[in-house]
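Peer 1: Residue numbers (my numbering), protein chains in the order written: chain A, 541 to 793; chain B, 848 to 1204.
Do not rely on the hints blindly, as some may be mistaken.
[Claimed, not checked] Derived contacts from chain A toward chain B, CB cut-off under 7 Å, selection only:
hint: 1; residue: S619
hint: 2; residue: E622
hint: 3; residue: L637
hint: 4; residue: C638
hint: 5; residue: E639
hint: 6; residue: N640
hint: 7; residue: L641
hint: 8; residue: G650
hint: 9; residue: L658
hint: 10; residue: I660
hint: 11; residue: G667
hint: 12; residue: L670
[Claimed, not checked] Which chain A residues face chain B? A few, computed with CB under 7 Å, are given here:
hint: 13; residue: A636
hint: 14; residue: L649
hint: 15; residue: V726
hint: 16; residue: E728
[What the hints assert, rightly or not] So these bits of chain A aren't anywhere near chain B, every CB distance computed over 10 Å:
hint: 17; residue: T616
hint: 18; residue: R624
hint: 19; residue: R651
Think of the hints as simulated: they come from the structure by calculation, not from any bench. For glycine and all other residues, C-beta sits at the position ideal for the given N, C-alpha and C.
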Amino acid sequence: MSEQNATREPVLRATGLIKRFGGLTAVNDVSLDIYPGEVVALAGDNGAGKSTLIKMISGVYRPDGGHIYLEGREITMASPLEARGLGIETIYQDLALCENLDATVNIFLGREPTKRLLGIFKQVDRGHMLAESNKVLERLDIKIPNLRRPIRQMSGGQRQAVAIARAVYWNARLVIMDEPTAALGVPEQRKVHELVKTLKAQNVPVIIISHNMQDIFAVADRIIVMRRGQKVGDVRAAEVTDDDLVSMMVGAA
Amino acid sequence: MGVDSHQTHSRHAWLDTISRIWAWLFLLAMVIFFSLAGEGFFTAFNLQAILANMAILTIIAMGQTYVIISGGIDLSAGWVMGMAAVISATVMNRLPETTPMWMVVLSGLGVGLVAAWIAGLVNGILIARLNVPPFIATLGMFGIARGIGFLLSGGMPVPIYIKGLGFLGNGFLIYYHPSAGWSLLAPPAGLAQADLRNLTGYFPFVVIVMLALLLVAHLVLSRTKFGLHTYAIGGNKEAAMRAGIPVARRLVSIYMLSATFAAIAGLVYNVRFTNGAANAGEAMLLDTVAAVVIGGASLFGGAGTVIGTLIGALIISVLANGLVIMRVNPFWQFIAVGIVIIIAVLIDQARAQFAQE
Ligand SMILES: Nc1ncnc2c1ncn2[C@@H]1O[C@H](COP(=O)(O)OP(=O)(O)O)[C@@H](O)[C@H]1O
Ligand SMILES: [Mg+2]
């Protein structure tokens, strides 16, 4: 851990997290700190417990043990919605977008602004949604030609961008991404890497789960390695190689 | 982005355009055809008759539009309409003779609505809270409403003995008579029975009611949060839930809205035919679903508009009217509507398949 981080307050701190499914301990006593503007990759084999760990942080599962602190305050979350309310935005693998609706609606889904027409009729304020969407996309340096097209007609990278824009617009304090590049071609993967860097530049920390070594080395400052529910490594990305990581993941080292 | 994906996108956009405008073109072609080939089709009298005759279908189809966009279907709406019509008729008959007309109508509507809302609420709870597939839940309600309607009416239509009610259902906003001139709300005074043949009415009341409801249904669907959430639920229910939309509550409201339109349609039936029949909406199922799907709604959910449904209802009604005018056996109408539905569904499927690629 660098000197700099030692003096700063972590955005997220988890201590001793445990999650059991019946007799199986999917996550076993894992602690981690995430600092402002830091990109942390979560690596590990299938079944290592990465998704389960993330789901405790994003309010999907209640931990069987341990504590979670956001900006120094302990938090408990009964649902993903509560986590979002606290500023923990998760971008799921399947993106959770409505493909039949346009980008602006997706960014505002569930929190649509309204205005009154003739003083009585409360209607969705599409103009405001469009203006705000343009702003946030500009901030993220994302170019989407026609925001009024249904998401269905967009490329995978553009959809990923919309999902990220949604998280950022609502002032995420921490963004979690589960396998964000799994379904994308190489140029689109690069676009996602750029987006992660943009988030970082805006001081929003990102936890990114990935199998993909290219992803990890392209964006991560730090890598947390999991194996069979336990944290077996917490290293600076600059100080390890692919081979080091693989050894840690499979437990050969 | 490669050339391939660019081509896919433009082909997709092309298919989207086709699926949006074919119904308009089809309607236009039909109107032109019947105007040229059918004697008396393109007259104010006949065109107004088409609109008045489609009012009940269109009103139920508006509710069906919301339901289908949300990814469901309401098989029960036609029988809920019949049940409401029977209950409204029975209650209106029991009112004292001195009751003012607006009270009669409001009372009929009120009781019809309450009965329909119970049906809609049960549909909604079964679907939204107990995860019964819409097809099954509303099929059950189809049977229940049908049984209740027939039990309450003793299996026969309930005649309504209220003076002036039929006038409301079949009246016009404006009348014109070649010798007596124009008049508002009622035919010019002092016309002999024989003179009534030359009387023409403009703007049937039921058409005005239908258009008002269309406007409200359209604004709510296209402009409110409720409307937007209906699309979101139909597009991706899981995503809607994760976004914090109260999906279950919205679904219950959607099925209750469908029941609301059914009850209003029941009252329109009451005033138009001065009776309440349990099977008043029996033939409506095919036609309402047809109108919605022809209008561009997807049976997969997530797409559709009130204006589209209006076009769909117009196609069905113009077809029925035109065939009669051409003296074609009216049973051909079922076949024609059936074919148009299949075309609509094929277009929808082609679009959905494309979207997956
Ligand atoms: N909902 C669940 N019920 C039971 N077992 C689960 C559940 N979710 C995950 N597991 C198990 O917990 C372990 C960790 O899974 P997961 O967190 O998905 O790993 P990863 O995301 O690293 O592939 C696996 O053995 C998996 O089978
Ligand atoms: Mg996983």
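Peer 1: Compare the structure with the hints numbered earlier in the document and write down the numbers of the violated ones, lowest to highest.
Peer 2: Checked against the structure, the hints that fail are numbers 1, 2, 9, 10, 11, 12, 15, 16, 18 and 19, while the rest are satisfied.
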